[in-house]
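**Q** As a plain string of letters, each chain reads:
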Amino acid sequence: MAEIMYWEAIQRAHDEEMARDPLVICMGEDIGVAGGTYKATKGLYEKYGEKRVMDTPISEGGFTGLGIGASFLGIRPIIEIMSVNFAWLAMDQMFNTAAKVRYMSGGQLTAPCVFRSAGGAAHQLGAQHSARMEKVFMGIAGLRVVTPSNPKQAYGLLKSAIRSDDPVFINEHELMYNMKGEVPDEEYLHPLEGSEVARAGTDVTLFGYNISVHWCLKAADILQQQHGISAEVVDLYALSPLDRDGIRKSVSKTHRAVIAEEDEAPVGVGSEVIAIINEECFFELDAAPVRVHSALVPQPYNHTLEKAAIPDHNDVVKAVLKLFGRA
Amino acid sequence: MTPDDKKRVLKEMVMHRRFEERCYQAYMERKIGGFLHLYPGQEACCNGVMEAARPGHDYVITGYRDHVHAIKCGTDPKVVMAELYGKETGCSKGRGGSMHIFDTSHHFMGGYALVGGPFPLAAGMAKAIQMKGGDEIAICFLGDAANNQGVFHETLNMAKLWNLPVLFVCENNLYGIGTALDRSTAVLDQYKRVCAYNIEAAQCDGQDIDVVYQHAKVAVDHVRSGKGPYFLELMTYRYRGHSMSDSRGYRSREEEELWKQRDPINILRDRLISAGQLTEDEFRAIEKATDDYIENEVIAFAESSPEPAVADLEKYVLA
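Residue numbers (numbering that gives the first Met the number 0), protein chains in the order written: chain A, 0 to 326; chain B, 0 to 318.
Because the hints were derived from the structure by calculation, they are not lab data. On a predicted model such as this, the values are computed, not experimentally measured, just so you know. Don't take each hint at face value.
As the list claims (entries may be wrong) - Computed cross-link-like contacts, DSSO-like style, restricted to lysine-lysine with a CA-CA straight-line distance of at most 27 Å:
| no. | chain 1 | residue 1 | chain 2 | residue 2 |
| --- | --- | --- | --- | --- |
| 1 | B | LYS226 | A | LYS50 |
| 2 | B | LYS191 | A | LYS46 |
| 3 | A | LYS41 | B | LYS226 |
| 4 | A | LYS50 | B | LYS159 |
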């Protein structure tokens, strides 16, 4: 078990799958000769050539549609959209074609594409380069959405997504590419559905995904050490479909829930998880669930304002203390 | 095309016309729901191009005016009509409807309802063909109005950049929904817009199938021989409105009558009759046999087919 970086895990998944299957290709802006903005495709151009590692023009709608069309005939494209903010330009093809074609063709045609994109606030990137958009993707029938919180997931989810016959959107995070973590030396396929208990606990469940898993883990340490509260952390690596069983099981154990997300609150993961708690295990609750989320503002450029807009582990701790009437 | 080919194509065009007119009737009877976009007036476009190509072998994709393109690729008219009726026996299992006819077994890769959406999909299929080394080509049939979408330009750029085997057929029927071409588009000759991408392009009459065929032959040969993309603009006219909800208030009846004097079926019929290869009686017999076939087999099949089961509502969402 080697410790590698998140970007290296993604690169390894690309490399292994491209070596295994000559129909796997990758495409996107600056992914080839330049090696990828986040190095996720480093070295692949030299190894597999320009027909399979395609530097595209800056035409998100066009090249996403082109990848989807290729997938109709059995190609397995991994389509990198440099920043999730640019995915708006490709959503017509992702949603109207890739997600719907299987249904509207009565099961004849399927679009086995992988869409990878980096979202999230990084360092003062401003309103048009900081969006979190998982809320948009997870509401689309026919599209799977996963979001890795560590290198092992980044590696295993991408490999499974490439082999899936469904279109899969992988939500990555600009701040996480250099995060280190253990990845199995042998091949590993991560399930595209479900959730993981990242830390077991008994008093409250902290639901997170992608970067907010790390806020939850840090908050759980603080809660244990400073407040004697045992928090369970559930990693919702699959956002569509959400793991109803996993959510119910944990809440039925701890009877309290906090959902932490970097996205703005309206119409988000938090509201969806709370709806599932209501539907699955409302009478298990000892307190109303709480969500921790961004302010509803376009991301400000100013450093102080940016920090104020985005939650962190301290906000998770505060939410838990409030839940226990200790705030 | 030999005289026999032309006679066969005439029969097909009559079938395409009568099929669409029968759809109109079924729509008025509320047997067909949703939006319905009919093809009469444009038959020489699809038929002329596909006669020059290889139906069922080449991959065809188009917009929402898609019934005839599927049938020309080899799809059984019965399953197209059943689809319009929303039946389980429809080519898309009743889940698609008029705008989403699919038949992958005949390489008809679908009708799509977002104007311009199929452009990059066609280029993508061409990319797949190029990678796999097959001798198929991708053919994308769309209307003139689709060329005002951004993906038109994005796709042309990539198709030329990567030398993809894709033929873009622009059926220029002069209207985008209810807005005339000259009120929506700065450059009226669509083939000229393509020159910016250094793509071979031509424009011709879309009402005379012999003219369409000759131009399409050049286009198909160009693409199949590996010379890259080609854009063929066919000047045509749709007799009916954009869809069934369209009363055609944006154009004159005189203009419509002018175009009907250049009806693609009449042009071919008259040419065959004057060449002594067809008689008036034979043609009437073709019409009669077509109507009988549509009523007794196509409509009967759609009418008698079962509805999809409600229990199967979520089937086909995910693999």
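**Q** Take the hints in turn and mark each one as holding or not.
**A** Hint-by-hint comparison with the structure:
no.	hint	verdict
1	B:LYS226 with A:LYS50	17 Å, holds
2	B:LYS191 with A:LYS46	40 Å, violated
3	A:LYS41 with B:LYS226	32 Å, violated
4	A:LYS50 with B:LYS159	14 Å, holds
Hint compliance for this structure: hints 2 and 3 are broken, all remaining hints hold.
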